[in-house]
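Start counting the sequence shown at 7; every next residue gets the next number (this note's numbering).
Watch out, some of these pointers could steer you wrong.
[Said to hold, decoys possible] Within a straight-line C-alpha distance of at most 27 Å, the following computed DSS-like cross-link-like pairs (lysine-lysine) qualify:
1) Lys29 x Lys11
2) Lys17 x Lys34
3) Lys35 x Lys11
4) Lys35 x Lys17
5) Lys11 x Lys34
6) Lys17 x Lys29
Simulated from the structure, these hints should not be mistaken for laboratory data.
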Amino acid sequence: MRYMKVMEEVKHFFNENIAPPHKIISVKKHEENGESGWRALVEVIEEKEYMKKYANDQMIGLYEIFLDPESEVTGFSRISLRFRSDLEEQA
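Kindly generate the complete structure, drawing on both the sequences and the hints.
Here it is in structure tokens:
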């Protein structure tokens, strides 16, 4: 299944480059400027050890990641940061 391959690539990218993903929220086919690919939204727990050390609420980063049709990462960015206890925003 194609979605499973995309999700595995997203997990691998985050494990290697950012932090282990907490949750993959969505994976959708994406088209921009006539080029197709994939767009995923991923939640990551930011600075987990630091927050635990100082007894603060964990921070959740929401990342947007783009992949080409072969599931190679072409770009990503953090689009929001919130305390875990805050209500989730709709992206």
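Q.
Hinted pair, alpha-carbon criterion (27 Å max): lysine 17, lysine 34. Please report holds or violated.
A. 15 Å, holds
Q) Taking 27 Å as the top limit, are the C-alpha atoms of lysine 35 and lysine 17 close enough? A) 17 Å, holds
Q | Satisfaction of hint between lysine 29 and lysine 17, Cα-Cα up to 27 Å | A | 9 Å, holds
Q. Taken at face value, is the distance from the CA of lysine 11 to the CA of lysine 35 at most 27 Å?
A. 13 Å, holds
Q.
Does lysine 34 sit within 27 Å of lysine 11, going by the straight-line distance between their CA atoms?
A. Holds, at about 13 Å.
Q: Could you grab the alpha-carbon distance between lysine 29 and lysine 11 and see if it respects the 27 Å cut-off?
A: 16 Å, holds
Going through the hint list in order, the structure satisfies each hint without exception.
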